[in-house]
Amino acid sequence: MRSQTPSARLERPVGEARPQSLCTDPRTRQSRAAASTAWRLVQTVWRFLRQASGDDAYERYREHMLAAHPGQPAMTRSAYYRFRMEQKWNRITRCC
Amino acid sequence: MNNKVRGKLIWLGIAVVGAWALGSIATHRGETINAIWFVAAAACVYLVAFRFYSAWIAAKVLALDPTRATPAERFNNGRDFVPTNKWVVFGHHFAAIAGPGPLIGPTLAMQFGYLPGTIWILVGAVLGGCVQDMVIMFCSTRRDGRSLGQMARDELGPVGGWAALVGTMMIMIILIAVLGLVIVNAMYKSPWATATVLGTIPVAMLIGIYMRGIRPGRVLEGSLIGIALLIVCVVGGGWVDHNEAIRGWFDWDKMSVAWFVMIYGFAAATLPVWLLLAPRDYLSTFLKLGVVFLLAIAIVYIHPDMKMPALTRFIDGTGPIFKGDLFPFVFITIACGAISGFHSLVSSGTTPKLLANEKEIRMIGYGSMALESFVAIMAVIAACVLEPGVYFAINSPSGVVGKVAADAVAKISSWGFPVTAEQMNALANEMGEKTLFARTGGAPSLAVGMATIFSKTFGGTLLAVWYHFAIMFEVLFILTVLDAGTRVGRFMLQDLGKHAWAPLGNVSSYPMTVLSSFIFVAAWGYFLVQGVRDPLGGVNILWPLFGISNQLLAGIALSVATGIIVKMGKAKYAWVTGLPLTWLAIVCTIAALEKVFSPNPGVGFLAAANDLSAQLAAGTLPTERIASAPQLILGQRIDAALALLFATLLWVVIIDMLRVSFRFLRGRPVLPLAESRYMMTRLDAAMASSSAHA
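If you're matching them up, the sequences are chains A and B in order. If you count the first sequence from 1, position 36 lands on 196 in our numbering, and the numbers rise without skipping. If you count the second sequence from 1, position 114 lands on 146 in our numbering, and the numbers rise without skipping.
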């Protein structure tokens, strides 16, 4: 059986709300195909930005915990952030 | 016409355009040459090399296997091992490898003219740097994401492992010292720059508190607010500069800035990372990517003329910025941008833990380095759009051209690069500075070049604001290396030091954290202070030492890579890494020997030390220099010892690699290939293709 790892995709993780700030009027979107294509592009870029910057790292971590270790307690958002920062800066992550 | 033929024609076209642009650059002998030639030549060279050379390496030498599960898939823990979209990994990897090196090195090397540096950046990257990054990333991915030091130990043996460890630690010390010196030269006696940079620290802490406590983990929001505040800092710095009552508080001399840099490094290494280091890195990463992108667009948009000649008279080794002949010093001065050993530390250990599929190594390893090399080409352009006389006036230390403006312009004009004191005054005035003479280190001249390009693009106004924005961008860039490097250096010191004194290795003990941070800051602080005291500006000493240490690390990485290729049974392809290794071994050894033994006190450390002690003994030294002379003499001798140590370490690893390779080829027992066992990927093929088209 083949499993899917959603975090490897630029997809909105399950249960994550659509970013409200970028919503335009829904009628405009439905009425024009071009607008909807543009909107999809904006969404892809937004998801890319969130994933690349680590903005959605906690959602992805929660998703991973639910899928791989159901029943195990997950870290809180704040604890996860601190843990990730400590971990990231304990090795060489920046070059000259 | 079918697609195959069309594809071939397009690539033929790119190759022809690239060859034409390169030919134009190499044979052009007019007054000026347009920067667009450089952009075209570079882009075509990278595209052709990526399309053909990297594809060949991927298929024949490394035999990348898309069916093989990566460490990210096998150890997926939702934290550091996570299969990640390839464009996201590309962004992470590029942000990690792109530092201030490719901006500063090429700027300094322009004293030879644009041609030698440009050719080395292009050739060095496609045949050396990109190959190193790609092959090391492959080796680490096949070894569960191990670090370079671990791979050296596993594949070559304990000698190679130790050399890699010591080499890494030494390069960090020299790197941080020289970058600290660049900051000093950009900030001293510049209240605007100092106030702006100081302002960024509370901004970073504010954002740190925001991301940790107020809106945990909301990185994008926090960064956007932070970037807005950074711009306020730049403008606020201008206000401070114009306010006679306050500006004196920020009017620091070189030693004060050096102390600031050391205190900052110590604080960033000992405070919790979420408070200062991590948020500041978010800000500088966004700024870095944004500015690099904007600069590329601006250069293409205004396609400025480059005023620097193809070759200057300084190829004979008498250059004012640093002494030494074209060979080998252009190859030492430009390390990052052509081939940078430091990249092998990110390509092993960090990035391999994110790769979803092995075949992405080609784009992420080879492609990111090609892009970084393009950043170096932009630095070449930014340095060469300045009038050569202005470039030399900014970058030449006062110990070479004289402290008085009239003397400096007379001397620089006598070299055939006309410049006047009025011209320099007008430029300093436009940039919002009192003087731009002898601001060595490359950052200020780069900032003048960038400010000129940006200001032209946006209607020719606000030069002073653009200049200080560029300075802030460069300083933030450098602080990233400085604080992250000090922190990692502290861990390395604790790891090495525990063999001498066990309690030092306790990373969870706060007193040990403070003690080891203090020792590490003192180590790079020593070289920084030495550079600040040096009458020739210090860059002359520290930058070549940094170049040699970086190339040493590249030599270690390429040795490990060559050894692995031979042990994979692909000895006939060993030249792929063996060729750049041979070149680096030649360049590094000759440069190190010249830096130690050259009888010219401008080049040789020992000659400089002897010259100074002879002057001290004869009493011919000016009184203000007598007090610091003994320390400078000792410093030069330590530099000589370091250069020799670097060359020795390099040869120890090369000989170790050759020993292992020849034993293997003769069928004698060697350490087995430490590659992890093959496991079929279980990630959906649809995912692989979706990430390819994402």
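I should point out that these hints are in silico values taken from the structure, not numbers from a laboratory. Keep in mind the model is a prediction, meaning the values are calculated, not measured. The beta-carbon is built from N, C-alpha and C at its ideal position, and this holds for glycine as well. Careful: at least some of the hints might be erroneous.
Stated by the list, open to error - Chain B is faced by these chain A residues, among others (derived, beta-carbon under 8 Å):
1) Ser191
2) Trp199
3) Leu209
4) Glu246
5) Trp249
What the hints assert, rightly or not - Have a look at the derived ranges for each label pair, beta carbon to beta carbon:
6) B/Leu690 - A/Thr236: 50 to 56 Å
7) B/Pro704 - A/Arg251: 32 to 38 Å
8) B/Pro701 - A/Thr236: 32 to 38 Å
Consistency of the hints with the structure:
no. : hint                            : verdict
1   : Ser191                          : 28 Å, violated
2   : Trp199                          : 17 Å, violated
3   : Leu209                          : 6 Å, holds
4   : Glu246                          : 6 Å, holds
5   : Trp249                          : 5 Å, holds
6   : B/Leu690 - A/Thr236: 50 to 56 Å : 54 Å, holds
7   : B/Pro704 - A/Arg251: 32 to 38 Å : 26 Å, violated
8   : B/Pro701 - A/Thr236: 32 to 38 Å : 52 Å, violated
Figure legend: structure checked against the earlier numbered hints; hints not met, in rising order: 1, 2, 7 and 8.
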